[in-house]
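Numbering-wise (my numbering), the sequence shown opens with residue 1 and increments by one.
Source of the hints: derived by calculation from the structure; they are not laboratory data. Quick reminder that beta carbons are idealized off the backbone N, C-alpha and C, glycines included. Each hint should be verified, as a subset may be incorrect.
To be verified - Derived CB-CB ranges, DEER-like:
| no. | residue 1 | residue 2 | range |
| --- | --- | --- | --- |
| 1 | 251 | 93 | 35 to 41 Å |
| 2 | 31 | 133 | 22 to 28 Å |
| 3 | 77 | 244 | 33 to 39 Å |
| 4 | 10 | 194 | 33 to 39 Å |
| 5 | 12 | 156 | 39 to 45 Å |
What the hints assert, rightly or not - Here are the simulated SDA-like cross-link-like pairs (lysine to any residue), alpha carbons at most 25 Å apart as the crow flies:
| no. | residue 1 | residue 2 |
| --- | --- | --- |
| 6 | 242 | 28 |
| 7 | 16 | 243 |
| 8 | 16 | 32 |
| 9 | 242 | 226 |
| 10 | 244 | 42 |
| 11 | 254 | 3 |
| 12 | 244 | 201 |
| 13 | 247 | 226 |
| 14 | 145 | 179 |
| 15 | 254 | 185 |
| 16 | 254 | 217 |
| 17 | 244 | 2 |
| 18 | 242 | 145 |
| 19 | 12 | 28 |
| 20 | 12 | 196 |
| 21 | 201 | 70 |
| 22 | 16 | 138 |
| 23 | 80 | 61 |
| 24 | 165 | 137 |
| 25 | 145 | 239 |
| 26 | 12 | 153 |
| 27 | 145 | 83 |
| 28 | 165 | 77 |
| 29 | 247 | 196 |
| 30 | 16 | 31 |
| 31 | 80 | 113 |
| 32 | 165 | 103 |
| 33 | 201 | 238 |
| 34 | 90 | 165 |
| 35 | 242 | 70 |
| 36 | 242 | 263 |
| 37 | 113 | 12 |
| 38 | 247 | 73 |
| 39 | 244 | 226 |
| 40 | 254 | 92 |
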Amino acid sequence: MTRIDAKFAELKAAGKKAFVSYIMAGDPDYDTSLAVMQGLPAAGVDIIELGVPFTDPMADGPTIQLAGQRALAAGMTLEKTLAMAREFRKGDDSTPIVLMGYYNPIYNRGVDKFLTDANAAGIDGLIVVDLPPEEDDELCIPASKAGMNFIRLATPTTDDKRLPKVLENTSGFVYYVSITGITGAAAAEAADVAPEVARIKAQTDLPVIVGFGIRTPETAQTIASVADGCVVGSAIVGEIAKGKAVKEVLAFVKGLADGAHRA
C-alpha cells in the first residue's frame, strides 16, 4: 500500500473527500516553494502535487506556464525538485507527494535512475501527461514495479471505447479533467462533472479526483461532492505569482481545503 492508497483509506473511513493541491517546484524560488510545500498539510492538503518545471508544458495554461518559466529562471531542475521532496520528507513522512510533469526530463535522466532517486526522495506517484497508455512500457510499468502509483488523466473526450485503455495500468487515483482544454481556462461545473465521474466509477474501483477550473472554496465543495475529491492548481499558483507571503498563500489554500472537506 502506497501513501496515496493509505490516505484514501483514511479519508474514506472518516467520510471525507480529498483535497489535492498543486504547486510548481521552485516558483518563484526554491526556498519559497519549499516553505509553501511544508505548510500545505497543516492547511488541510491531503495530497501534494509537485510540478516539475519544463520548457514546453503542453497541457498547462498561462498561469502554470509562467510558474514553470519563473522556476527555470531561478535555476530549478528535476534534481532540485527531488531535493525539495527529500527536504519535505524530513518533517513529514505521511503526506503523499505526486510528481506532475512531462516525460522529457525523466527520459533525459534515465528511467531507472529517476525511479531510484524518486523513491529515495519519498515520491509516491507520477502524473506524466504526455505519455499515453500505448507507451506504458516506457515508465508506467517500471514505476508500478518500483512501488509508485502511475496516475492517469481522463477527460470529457475520453469515450467509453478509450476509457478501459486509460484505466488499464492506472493506480492511486484517476484524475478527471473537468473541462476540455488547458489548466486554468474555464470554470468546472458539478452538473457536467457528476455523470462523467459516475461513468468512470462504473469501470474502476479507484478514487476519482477532479481538477481544472476550481478556483473558490464553493466550487471545491460542489465538485468534491460529486467525486472523491478535487485538485486545485492554477488558483494557488496565481496567488504565489502575486508575490503573496507564504502565510497568505497557505491561508488561501486552507479556504479551498475547508471547502472540499465540507463536501
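For each hint, the structure was consulted:
{"no.": "1", "hint": "251 with 93: 35 to 41 Å", "in the structure": "25 Å, violated"}
{"no.": "2", "hint": "31 with 133: 22 to 28 Å", "in the structure": "38 Å, violated"}
{"no.": "3", "hint": "77 with 244: 33 to 39 Å", "in the structure": "25 Å, violated"}
{"no.": "4", "hint": "10 with 194: 33 to 39 Å", "in the structure": "25 Å, violated"}
{"no.": "5", "hint": "12 with 156: 39 to 45 Å", "in the structure": "26 Å, violated"}
{"no.": "6", "hint": "242 with 28", "in the structure": "10 Å, holds"}
{"no.": "7", "hint": "16 with 243", "in the structure": "32 Å, violated"}
{"no.": "8", "hint": "16 with 32", "in the structure": "30 Å, violated"}
{"no.": "9", "hint": "242 with 226", "in the structure": "31 Å, violated"}
{"no.": "10", "hint": "244 with 42", "in the structure": "18 Å, holds"}
{"no.": "11", "hint": "254 with 3", "in the structure": "22 Å, holds"}
{"no.": "12", "hint": "244 with 201", "in the structure": "38 Å, violated"}
{"no.": "13", "hint": "247 with 226", "in the structure": "30 Å, violated"}
{"no.": "14", "hint": "145 with 179", "in the structure": "32 Å, violated"}
{"no.": "15", "hint": "254 with 185", "in the structure": "23 Å, holds"}
{"no.": "16", "hint": "254 with 217", "in the structure": "9 Å, holds"}
{"no.": "17", "hint": "244 with 2", "in the structure": "34 Å, violated"}
{"no.": "18", "hint": "242 with 145", "in the structure": "41 Å, violated"}
{"no.": "19", "hint": "12 with 28", "in the structure": "35 Å, violated"}
{"no.": "20", "hint": "12 with 196", "in the structure": "21 Å, holds"}
{"no.": "21", "hint": "201 with 70", "in the structure": "38 Å, violated"}
{"no.": "22", "hint": "16 with 138", "in the structure": "35 Å, violated"}
{"no.": "23", "hint": "80 with 61", "in the structure": "23 Å, holds"}
{"no.": "24", "hint": "165 with 137", "in the structure": "14 Å, holds"}
{"no.": "25", "hint": "145 with 239", "in the structure": "37 Å, violated"}
{"no.": "26", "hint": "12 with 153", "in the structure": "22 Å, holds"}
{"no.": "27", "hint": "145 with 83", "in the structure": "23 Å, holds"}
{"no.": "28", "hint": "165 with 77", "in the structure": "32 Å, violated"}
{"no.": "29", "hint": "247 with 196", "in the structure": "36 Å, violated"}
{"no.": "30", "hint": "16 with 31", "in the structure": "32 Å, violated"}
{"no.": "31", "hint": "80 with 113", "in the structure": "15 Å, holds"}
{"no.": "32", "hint": "165 with 103", "in the structure": "20 Å, holds"}
{"no.": "33", "hint": "201 with 238", "in the structure": "32 Å, violated"}
{"no.": "34", "hint": "90 with 165", "in the structure": "38 Å, violated"}
{"no.": "35", "hint": "242 with 70", "in the structure": "12 Å, holds"}
{"no.": "36", "hint": "242 with 263", "in the structure": "29 Å, violated"}
{"no.": "37", "hint": "113 with 12", "in the structure": "35 Å, violated"}
{"no.": "38", "hint": "247 with 73", "in the structure": "24 Å, holds"}
{"no.": "39", "hint": "244 with 226", "in the structure": "32 Å, violated"}
{"no.": "40", "hint": "254 with 92", "in the structure": "18 Å, holds"}
The structure shown violates the earlier hints numbered 1, 2, 3, 4, 5, 7, 8, 9, 12, 13, 14, 17, 18, 19, 21, 22, 25, 28, 29, 30, 33, 34, 36, 37 and 39.
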